[in-house]
Amino acid sequence: MKIHKYDTVIVGAGGAGMRAAIEATKRSRTAVLTKLYPTRSHTGAAQGGMAAALANVEEDNWEWHTFDTIKGGDYLVDQDAAEILAKEAIDSVLDLEKMGLPFNRTPDGTIDQRRFGGHSRNHGEAPVRRACYAADRTGHMILQTLYQNCVKEGVEFFNEFYVLDQLLAEDPETGVKKSVGVVAYELATGEIHVFQAKAVIYASGGTGKFFKVTSNAHTLTGDGQAAVFRRGLPLEDMEFFQFHPTGIWRMGILLTEGARGEGGILRNKDGERFMEKYAPVMKDLASRDVVSRSIYTEIREGRGCGPEGDHVYLDLTHLPPEQLDAKLPDITEFARTYLGIEPYTDPIPIQPTAHYAMGGIPTNVEGEVLSDNTTVVPGLYAAGEVACVSVHGANRLGTNSLLDINVFGRRAGIAAAEYSAKADFVELPENPAERVLAQIEGLRESTGSERVADLRRELQECMDANVMVFRTEQTIKTAVDTIAELRARYKNVSVQDKGKRFNTDLLEAVELGNLLDLAEVMAISALARKESRGGHYREDYPTRDDVNFMRHTMAYREVDADGNDSVRLDYKPVVVTRYQPMERKY
Amino acid sequence: MSTPVLDKVEAESAASPYITVTMRIRRFNPEISAESVWQDFLVEMDPKERVLDALHKIKWEQDGTLTFRRSCAHGICGSDAMRINGKNRLACKTLIKDLNPEKPILVEAIKGLTVLKDLVVDMEPFFQAYRDVMPFLVTKGNEPTRERLQSDVDRARFDDTTKCILCAACTSSCPVFWNDGQYFGPAAIVNAHRFIFDSRDEAGEQRLEILNDRDGVWRCRTTFNCTDACPRGIEVTKAIQEVKRALITRRF
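Protein chains in written order, with the numbering used here: chain A, -3 to 582; chain F, 32 to 283.
To be clear, the hints were calculated from the coordinates, so they are not data collected in a lab.
Just so it is clear, CB atoms sit at the ideal spot from N, CA and C, and this is done for glycine as well.
A portion of the hints provided could be inaccurate.
[As the list claims (entries may be wrong)] Residues from chain A shown here face chain F by an in silico Cβ test under 8 Å; the list is partial: (1) N100; (2) H136; (3) M137; (4) N145; (5) K148; (6) R547; (7) Y575.
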């Protein structure tokens, strides 16, 4: 076991982590721990754009953006946070441009902007061009630009270091929990490393791999969420998961909403532009939850395409090939590579794909993690998909996640470094790596009969079948029961690779443990929310219930005297500033 | 647009598509043996699946010790460059049907970087070469309040080299790099190109001096292996030639 000491430790090196690192490294001695290499992070898979009311191509302003974000989130958004997001969006985009990001340009040489779902002029009048973009690889360019600037600033990375535990110390008098550091597993050697740090920032991304059809990378297994949850800290709004309307049929690979922003149209088996029925104004550019539900409604009512009627088409055939080549080169290539389809002439089969966790580790607008509805955990921060500020509420708007990682990554980086400049190190516990050692050795030495791949497949199939776009009490209960069974079986899981060196077999077993814990939180949170709001749609409660449920879910892990754990739910009020909830129409 | 009807993809998927494929993988684990060995695995595959899917099937159903890097699984993160039937490719962008699955499919680690275990290589020298070319925008003073302006034409000048995902398929396909690990390699030059030809950048001269080094662009023998290997379709050899020309003319 090795012990390291840094002022600030950042867990994760995607957009949020590296944006935080650029700020924190200037102000404090900082280490960035990532289980991958920084440029492998899933920020790089984001395609369409980053929202900011630059008004480069038409009239726009941050207030309209704030409203769209709150409406898009079905009024579960904390409105003070959304206002910060929309205001700071403008500087965030300009900062990235100055760091070198090669945005597409207008004929005037300014940053070009395009339409995206749910972003509108003057509170819903018509779609507005707000998404700043670099072809259909905006996320790739953000990730590269941030990494380039990390190289420039000399950010210190620990690559392929997998953080497994968050160390907390409780003040014996006040009972306040403080962050002490993290415990990580070095993939190359199997060695355990303890990082004592005044401040820790989680920026480890999402948890989409508990679904089968997903746009998420194999590595998105909710590691940060699980690490803090197991230490008794809450997770917020975990029932809200976004299903992106246009994943490649059966594979789930993302095809950007920018395709519809450029004029692409969704069609059913009769060739009908069905979104006109569901969203007369915004049509194919309604918010993602609305479009995904519409697609499944078409499929359920027998208007899906293909022999099994299980998908619809994204039609780009009416767009000029030059436009596709210039604006959508990557996604058209995906269609050619994975489906053997030529998007110039043939429509692309798509289905909704599990895409983004709106919920996560609760934070305030400075990125400080909360241990209940109001109490801050000194020294602990989170930003990006792992966190819940909440700027996305019940449904995130497209292009607001690349924005979120930049605005709140930066804020968390500054806040954490300023904290570590003033704070002292908290003493490490006697055996800081105790839990991790037990976990790792337990898995390595287990002779149990269960296999990781079987349990993971069963989990993913259960989640797809029961807690996707449509949910009912019955389906969610099925999920809760199945997950409980799988968690019991997980105790009997073993790995074949018993070695120390690059043991990815062991890594996948750890990741599965995280997915199972978070799936349980999601299902239990979803069961209790007896209403439909944003990405959480209950067929047995099809309307929004602002009286009982305009509040955030806060899930806590409870452990009884026998060591059995369970999930306890509590609720937190939504911050409302100027927008009262209204009926949501697109 | 015409009314969508059953198209050819759907018609094909109606019949059972599975075939048995032999995956012949070069295994290496210094915890067990100092020598690498070829090992065959038989897997049931739909030919439209990826080589990465075959590797996952082996790891998940047959041999959990098989070790490789991967993340996004659709050619954007750059984790899974490997040598497949002697050619550098991304396992997640290579479909079984494009490899003649009648014969064993050979999979081994990319060349020129130290193999650590199975298909995993030490990427550190690769990233060091990248860091050495100053892969970041350098500007001097006069910072505008808004964005820097850049014409469409100037933006297009370096578009191709912004696509790089640092997967090392190009660098590890280069015979010069195999023989001399000191050579910067194609990927580092591509990333230097991306800034040298960016109208906003002001450190082109410095980067050119770095690449004028003994281990710089002049080592390139124009074999086009890098261009063939690039999973992003970047014209790597052309980019290297443009850097060479810029060194001679000092115009960029």
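Given hint A/K148 near chain F, where the shortest CB pair must fall under 8 Å: With Cβ-Cβ at 4 Å, under 8 Å, it holds.
Proposed interface contact between A/Y575 and chain F, which counts if any beta carbon pair is under 8 Å: 29 Å, violated
Residue hint A/H136, partner chain F, criterion CB-CB below 8 Å: 6 Å, holds
Restraint check, 8 Å cut-off on beta carbons, for A/M137 near chain F: For A/M137, the interface hint holds, since the closest Cβ of chain F sits about 6 Å away, which is under 8 Å.
Should the hint that A/R547 touches chain F count as held when the rule is a Cβ pair under 8 Å? Status violated, d = 35 Å.
Does A/N100 meet its interface restraint, that is, does its C-beta lie within less than 8 Å of any C-beta in chain F? Result: holds, 7 Å to nearest chain F Cβ.
A/N145 was flagged as interface toward chain F. Is the shortest Cβ-Cβ separation under 8 Å? 6 Å, holds
In this structure, the earlier hints numbered 6 and 7 are contradicted, and the remaining ones agree with it.
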